[in-house]
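Given next are the chains, with one letter for each unit.
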Amino acid sequence: METSTSTNMIWVLLQRFGFLLVFAAFFGLFAVWNPVFLQGGNLLNVIEGSAVLMIIALGMTLIVATGGIDLSVGIALDFGAAFAVVALKSYGMDWFGAACAGLIGGSIVGLFNAILVIGLRVSPFLATLSTFFIGSSVQRIFTNGGGPISHRRMPEEFRNLALGDIYGVPTEAVIATVLVVLYFLVLERSIWGRRIHAMGMQRSAAIVAGIRVNRILILCFIVASMTCAAGGLIAAANIRMFTPLSGFSYLLDAIAAVFVGAALHPRGRPNVLGTVAGVLFLGMVANGLNLMGLNFNTKDALQGIILVSALALAVAQQRARNPLVS
Amino acid sequence: MSYQRAFSLQGVTKEFPGVRALDKASLDVEVGEVHGLVGENGAGKSTVVKVLAGVYQPDAGLVTIGGETLSPITPDTVHAAGVRFVHQELHLVPHFTVAESVFLGQERSGRLGLNTKAMREETEAFLHDMLGVDMPSSRLIRDLTTAERKLVQIARALIDEAAKVVVFDEPTAPLASDEIETVMSAIRRLTEQDIAILYVSHYLSEITDICDRVTVFRQGKTVGVFDTITDQSGRDLVYAMVGRDIADMFPVKGDRVAGPGLEVVGLSDGRAFANISLHVEKGEILGIAGLIGSGREELIDTIYGLRKAQTGTFQLEGEPLAIKSAAQAVDAGIVLVPRDRRHDGLVLPMTMAENVTLATLDQNTSLGLENRRVARERTEAQITALDIRPPDPDVVTRLLSGGNQQKVVLARWMVTSARVFIFDDPTVGVDVGAKSEIYQLIDDLSAGGACVIVSSSDPVELQGICDRIVIMMRGDIIGELQTEDLSVDELVSAITGARDIKNLTDAD
Amino acid sequence: MPINPVRHRRISEIIGYLPLIIFAGVLLYIGLSAPNFLTFRNLELIVMQSLPVVLVCAGLGVVVMAGGDDVVSGGIDLSIPATAVLSAGIIAVMLTQGWPLIVCGIVAFFACIIVGLLNAALVTRIGMTPLLTTLAMFVAVVGVNNVITSSRRINVDHPLIVALRAQDVLGIPLGIVVVVVVLAVIYFVTHQTRWGLHLQAAGGSRDAAEISGLPVRRLFGQSFVLAAFTGFICGFFVLARGSGSSPGVQDNLMLEMVLATFLGAAFSARRVVTMWGAVLGAVLVAAISIGFKSMGVNVFWTGLIKGSLIVVVVAFAALARRGR
Amino acid sequence: DGHLSLEGKTIGVAVVGTQHFWDREAFNGATTTVEKLGGTVVPVDGGRDNQVHADNHDILLNNEVDAVISILGDGAVEPKFEALKNAGIPVFTVDHPSPHAVNNTTSDNYYMGTTIGRYMADAIGGQGKVAVFNAFENALRICGIRAGLWKYVLQDYPGIEIVQPELAEEFANAPEDARKKTLDLLSQYPEGTLDAIHVGCWDQPAIGVVQALEEVGRTDIVVTALDGGPDTLEIMAEDGTPFVANVAQQPNLIGSTSAMNVARHFAGESLLPQTYVDVVPVNGQAEAKATYEALGYGSLD
Ligand SMILES: Nc1ncnc2c1ncn2[C@@H]1O[C@H](COP(=O)(O)OP(=O)(O)OP(=O)(O)O)[C@@H](O)[C@H]1O
Ligand SMILES: Nc1ncnc2c1ncn2[C@@H]1O[C@H](COP(=O)(O)OP(=O)(O)OP(=O)(O)O)[C@@H](O)[C@H]1O
Ligand SMILES: [Mg+2]
Ligand SMILES: [Mg+2]
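Residue numbers (my numbering), protein chains in the order written: chain W, 65 to 390; chain G, 926 to 1433; chain H, 1049 to 1372; chain A, 609 to 909.
Hints in this document: simulated from the structure, not taken from any laboratory. Heads up, some of the hints might be wrong.
[What the hints assert, rightly or not] Here are the in silico distance ranges between beta carbons for each label pair:
| id | chain 1 | residue 1 | chain 2 | residue 2 | range |
| --- | --- | --- | --- | --- | --- |
| 1 | A | GLY904 | W | LEU184 | 38 to 48 Å |
| 2 | H | TYR1065 | G | LEU1065 | 11 to 21 Å |
| 3 | H | TYR1077 | G | ARG1064 | 34 to 44 Å |
Backbone N, C-alpha and C define an ideal beta-carbon position, used for all residues, glycine too.
Next comes chain W alone, as it looks inside the complex:
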């Protein structure tokens, strides 16, 4: 036994920090392949480029923590962008009014989900899938088929949500960071977070303990969709238009980020810091592969394969560390 202590150590290290090591390995690989990767501007690109996904993934983390899943995050994003752009363009609102309009627009999606899940007892998966279908259709009806609503003369303040900076830090990164901190405090450090986790892990026990699960669930759906709508505001400000049905492209990445994050947690819970790690990993891989100069088909395939492997590794690591958790 004693002779194998050192190999044991390596094994233990791998289990504990395996994902971190992979993160580092990819980081190193990209840096060596193309030195541009390491330049400040590029790393800033990664962070900026991940801001919207980060925000969506936060909303997803919340819903997954309640024990559900949200396939309609993209719809909430679209609604946020649509309401804001229309408020600016057709109603001439100022940036603040438009931002509020966007958030309210997004919350409609959450409210709708909540009605389906709580009122009609549809499972979150099917409920949010319906919301996805319905929300997509509504956008197409509203835009007469899905044409973008462009607003080139967007007020500077609104554009600054995406393009401005606060003491040199890009605003979107600031917004994402603030949301990360808020989410962390609420979900991991507050009593509401404890209740959310309890109901996500064992709903019936949470009910018996006197937790108002329905109320929490409604709030979570609304907060999550408003968060995604905030992502929509940034997306709209970024390109000065609302592109219908664009939110869908964040869905898979958001789910992946949340579950990578959950796998990194010692007890397999969806958690904010894990989600952050997941999002940054995805962002880094996408950027790194873009810089590697591969044919785009190869790049997409590699990205998919890296995603599968990273997830497998993260989960394996969690199992190895804590074999008792389900």
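Let chain W serve as the given structure and place chains G, H and A with the ligands on it in line with the hints.
For chains G, H and A with the ligands alone, kept in the frame of chain W given last:
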């Protein structure tokens, strides 16, 4: 009788990280006997069963079945040697038929796929001939009563007629009192066929009732083998199990505060029960008895707001009260220790501290953020008060034994200032020691002026701790009994409807 | 005591059929408004168009059967549509390079089975949740397929593939015959054999299956391989339907598969996902969408109608469950 | 053309999708014209899935329409066209040449490809490095023509180098996706090492490209694209924009022309296999403004 060894375990040791679950334990069971295995929670009973099942490899020791020493001990070799298990949990596929369930894993094949006809006929024949019940083999498991499911499990274990040893792990735990007899008589029939039976249970009355010999475990060791068992053996068994006399299982009642407590009037849920009225005074312990299906469980759920009430009003200490959800009940000071602690009592993946403070989160916060230090301290206080083992607030509750899990649920409600405590089958699967502790606790609560409702399927328990018992049958309260001078037998006959309550009260 | 369990039963049974009744009503309405809808030719068209979805639904049905119907942690395989396009892509590319169809088929078969084995390994060995595994696998497989086909549209006019679309056998389109045979085989294997019963037990109650000594994890793993096999077969139908391989087919196939399979659960008396339920769901969804198109309903509304249908049907199913 | 009529005729209009301006306008042009001529429309939409689009033709066949206008699509539609033809239903395509179609109404994609090639080459003085978004060259015939001829023209400019690998745009979230990819691209090609970015088959990604260039202040890099929808014309009309050239199509007119061709066919006139609808090359800010007005999108002043 001349016994022949059916199987024996000798010097079996099994260690888990940090625990020696079995410590040179031994166990000998003879052909044709019913052999009891008893011990406290955590004594190693389930572990020994799992060793015998080939689920765990023992670290040391020999397992001999029918004279042959097994090596390796795997589920397959054990099965081949003729050992069968009837597990405590009613693990059956809800949408399978009786025949499919009985033959699961040992199907009869015909030329083209499965021979469903043969399986159906064999199942019905077996249930009739061996277990003495008639049951259509095409019924779905989910439509069966608990006792019928138990019989299906037994049939499953024996259908191939190769069984030499059958292990029953707490077979009666999920059963109502009238159903127990069905299963017990089925077990007795088996001994007539030279099958050895190992019977694991916390119910000592059953043990003395059915077992020929008993082995007692304590902390992983065999501490006693009783070769003759009489109705009077119970006390000796308890002594062997816990290493001390439990003089009185049930606490002695002292003086109580009095005053109006919880009053329920005209409660109906529109399905399981109708127009139920009952009241509990402060300082009183009210028992609710009734068979499974009598509406007892549904009534408890409705009082606690888990089910919707159609009609009915509540009053607590004279004040009217609305209970439409469990949260409202908790806010009003009504708390429930649910019957299914693993599903409804605890958030199993959370730690002890997280579970203990789950209902009182807002008491240990600052600015909405949780103060973990306070939570820990409060949990530690409860660990000391209730003697929860292991005394570690950070242990994940999934890993606690049944009795300790129950104590964690209790601890959660202790930290609230609840006025009404509802216990739903509070001691299922809990060993005698822990049981008497829980009874003491229930009594302390009522002595402290709380209203207590105990709903239970165990007549002994009801008779022992309650002041008054209401009896439910088919969704109705059919009578009410004072426990003073009430015998358990009288209670049982009232619950099963064998005797009219009127006769009982008249006889007093 | 006004409790009448018999009456309750009956009401809940009627509620139980509501999903089907709703669908029948909608179809009847369409039939009355679109003159050509209830013709034999149109019904044949509906079935023909739903064939690829039916196949992947059957595969998903098997996985759900083996893993239970919890969408997140139970049995679900979102990667089947990706497997199908991988199969189609490989066959198309190899055909254009002049390989005989049988060789193409064998290569595609192995590629698909590898995907199934990977799913199985990730889920049962490493312990990843199936939803996540197969979602990620979907992305990866589509990526690989795009490398293989260079995201090209590849025309395929191999007579056998064309026959799947255009040939009739005894007046019934060959494609339908083939799919019915495949379904019959899957049904036989999953319901009339020991293995199939074990598979159902594994999904019906994992604990019961484990206690009965069934190799639950292996069974669950095998269901992924079987699902990948349906994906492989589906590849031929994707090729036949599109007379070649087009990039992007998988997305719609996936949405339709999920929609049909879980709608199918609402049709089954036990409210569980079954293969036939999934198949029926697929055909009915195709019928509804073809019906609305025939009626000339504004195309922008189809998503709304589909979404509302899920909600209505699933909500009624939930209602029936509660009434029980 | 006053004599043309579709009175009493039912015309199926199949469009591959409606998210994109071009598809939608062609669809609207076709349907409104059919209705104006007194016909009834059975519309079907493929939701941007070529397979669904192809399948939709079966529905039209079953509905026994009198003729089909099919907008875009890939090879999957060919057998469907053949079946329609065999059933005696004439097929008219838009931007999709097919042997089974009576007529294909289209922009001159060859002209579009070469024109944008020339404009771009001119804009960067005949030499420099060019990145191209080109995900659909292999997937769609018209994209193959446009990108192929753009490359063909560039062969005459040995000083121009196409950056490898080519970039791939997404269909769904094109502007935002292109913006991110451009930012990544720009960090790889610092100031002065990249001269133009071209979008090979359409112009939605160009919106994001321009955005990215403006964000990092690299508006020296020239942007070119095809289609000339109102969104992009508006961007081209802005002061100091890097978006310098485009070729505007008239999708509404194309759809409408196709519908007229259907009527001509029924009136017994013989049609050429291809009807070309004029495209409008747009070179620079002033032309963008003029084109915007000329195509009836409103005014940009
Ligand atoms: N897989 C395991 N890993 C670690 N410890 C275990 C494991 N299984 C059992 N133990 C421990 O071994 C001891 C014996 O447990 P066992 O389940 O055999 O008790 P038991 O007599 O069946 O108790 P109960 O009456 O509660 O059923 C306990 O301390 C238990 O915590
Ligand atoms: N992997 C494990 N690690 C640590 N302890 C465990 C483990 N598995 C089980 N235990 C403990 O072993 C004991 C027995 O667990 P088991 O699942 O056998 O239930 P049981 O003995 O049948 O319980 P009950 O008395 O409620 O019937 C419990 O104390 C449980 O907490
Ligand atoms: Mg035990
Ligand atoms: Mg036990």
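So, against the hints stated earlier in the document, which numbers end up violated here?
Those not satisfied: there are none.
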